[in-house]
Each structure stands twice: as C-alpha cells, then as structure tokens.
Amino acid sequence: MRFPPTTLTGDELTLRHQVREFLADHLPPGTPALGMGTVDHEFSRALAARGWVGMSIPIEYGGSGRTAVDRFVVSEELLAAGAPISAHWTADRQTAPTLLKFGSEELRREFLPAIAKAECGFAIGMSEPGAGSDLASVRTTATKVDGGWTVNGTKVWTSGAHWADYSIVLCRTSPAETTRHQGLSQLIVDLHADGVTVNPIITLDGRHHFNEVILDDVFVPDRYVVGTIGDGWKQVSNELAYERSGPDRWMTPFVLLREFVDRLNNDSPAEALAAVGDLAARYRTLRNMSLSVARMIDDGKAPAAEAALVKDLATTFEQDVIERIRELSALELDPDSEDTFEELLARAVQRSPILTIRGGTSEILRSVAAKELMR
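In terms of the numbering used here, the sequence shown is residues 77 to 451.
Don't read these hints as lab results, they were simulated from the structure.
It is possible that some hints are incorrect.
[What the hints assert, rightly or not] Straight-line alpha carbon distances no greater than 27 angstroms define the calculated DSSO-like cross-link-like pairs of lysine-lysine that follow:
no., residue 1, residue 2
1, LYS177, LYS447
2, LYS177, LYS220
3, LYS177, LYS193
4, LYS377, LYS177
5, LYS310, LYS220
6, LYS377, LYS447
7, LYS447, LYS310
8, LYS310, LYS377
9, LYS310, LYS177
Work out the full structure, taking the sequences as your base and the hints as a guide.
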C-alpha cells in the first residue's frame, strides 16, 4: 500500500488564497467557530455561488468540473476556519461522486445541478441497529413492486436526516447467494415520503445531529435505483473512499488546537510547547496521506483500502489531540484567556468517542487495510 508524495500546484495554491479571502469576508476574525456540524443554508449557497460546492461535478451538470484535490483544498480551509458546512457536506463529498460514477443520466440531470447550487441535501442511509460498520449485515429490504420498490427497515446514526431532502439507502434486494455482500443495492429515498419517520438522537452534549430513520412500506420509483441492482456492495465500497479519507477525518479538533496555541507564549511550559510540535508533525503526515488519496481519485483509482487506513490513523489521532490538550489545559498557560477555548474543549471531550466510530470503526478499517495488504 503506497501513498505517493504530492504537493499543491500553483493553481491549487491560488485557489487556497481565494478561499481564505472569501472566509475573511464571510467569517471575519472573532466569529465563533461553528464547525461542520452546523447547518447554514445561506453560507452553503454563498459557497455554491463561487463554484465551491459540487466542485467535481462536470459543467454539463451544473458543477465546476474541478478535481478531487481542488475540493480537498477548499474543504481544508473551511474546516480550519470552523465554517458551518453541514448543509451541503454529504451531498458534495460523496453523493455527487456516487451519482457521477454509478447513477443513470436521468438521476444526474435531476440531482447534480441542485447539489451544485446547495439546494438539495442528502443523508447517508448505511448504518443500522446491529449493523454499523458491518454493512454486509444490513436488514433493510426493498421488494420489487409495479413501477418501483417497497422499502422496509431502520437506519440509525443518520446525520442530518431531520433536514436533508433525500438519502441513498443501502438495502437488500435479494437473498445472499454465496456471501453476505451479494444481493445489496442502493436506492434514493425521499425523506419526506409517506412511511418515512425521522426520530432524533440527542448526543451527550445536547446537540441534535444524529437520527433514527424508520422506513415503513416506503415506495421508491425505479428511476431512483442507483447503479445496478445487486451491485450495492461494490458501489458503497467505492463511496466510502470519498467519506473516509478527506480533511474532515483529521481536522475535527483543529480549531481547538489553534485556540490552545493562541494561549501559549514564550513563558509557557516546555511540555506544552513540545506537544504542539509533536501534534503539528503528525498533522502534516496525515495531511500528506489524505492529499495523496485525493490524487489517486483524480487518477481514476478507487483507493478504498488507503482511505480506510487514513481514516483509522486520522480519527485515532484526533482523539489523541483532544486528550493531550485536555491534559495540558490543567497547566498554567494564560490566566486572561477567553471562554471560547473552554467551550471548545468541553464540546470536543464530549464528542471524542464517536470519532473512531462514524464512517467505520477502527476494527473494520484495519480489516479492510489488512485484506488489501494480504491481496
């Protein structure tokens, strides 16, 4: 398994500067860091007006026709600024690439222009009770009926289902013949359709981000089948490469780290200064690996195993960042510090356990990487 070294080109560095100028106008210094868990449709539409949503969508479908690395550059800057990007994030990160690779021409024409305008939000319909990272165990079924499919089952930990418009649902359309990976398909479900119930899951910090989605005899027309019936496992494996390797997998506590560094000065404890150096070096390594995966995607590859390895290393690192800062925050740093840091730290500590669960548990990711190495 290789991660070819790569750096940003001149055009990519120019794009980074443009994004920073945009953020200076729309999120001036002093603006609270809301983070990717915050939905702000107006902010997402402002990004879309600049061509920074659905960047990899071809121009013929309303996008900018740019590369995965271009999107990496924009995403990295948005995350570093703590921008509110949830309104478009999932549709931009993985729904659009999935429809481009597997969707029919009709689906592309219907959804891609709306995604590029940040006018259509998607949720991820993969995890289920008892089938979180082990997606081959999903029990949601889709039964063929006249003109479409009837879907029954439950999805859980579904981020943004309470405000999203649609969800690409992984379901079983036929019994497994030889392996559990057979007989799976992906369907686009209208989250406002009859038979769909969205129940909130409130996390420890009191926030509403996750949901339980119950599908009770939900009708899905044939045109909303993504790709080929029975090829769901291959398709979802490809989709997870987009979800698991991006900057959002190693930059979750970046704003917290920046606030921590701002508290330091020349008189700060040597232990704190050394910790910042160590964390910065590890950040740089993970960034280079993540950027390398983006280059692979632009080269037409499907680096699912590489993405799994990045996600495993990155989310474990994110927990290390939070724990190290929590330990060091007990040191005497700056008695005149603002409350922002304390709030960010409390929120990060509360949310830290989910980092190595969402998008695939560490055990599953290591299995994916190990199988590729053995192959």
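Checked hints:
| no. | hint | in the structure |
| --- | --- | --- |
| 1 | LYS177 / LYS447 | 24 angstroms, holds |
| 2 | LYS177 / LYS220 | 24 angstroms, holds |
| 3 | LYS177 / LYS193 | 20 angstroms, holds |
| 4 | LYS377 / LYS177 | 12 angstroms, holds |
| 5 | LYS310 / LYS220 | 21 angstroms, holds |
| 6 | LYS377 / LYS447 | 18 angstroms, holds |
| 7 | LYS447 / LYS310 | 15 angstroms, holds |
| 8 | LYS310 / LYS377 | 14 angstroms, holds |
| 9 | LYS310 / LYS177 | 12 angstroms, holds |
Taken one by one, the earlier hints all hold for this structure without exception.
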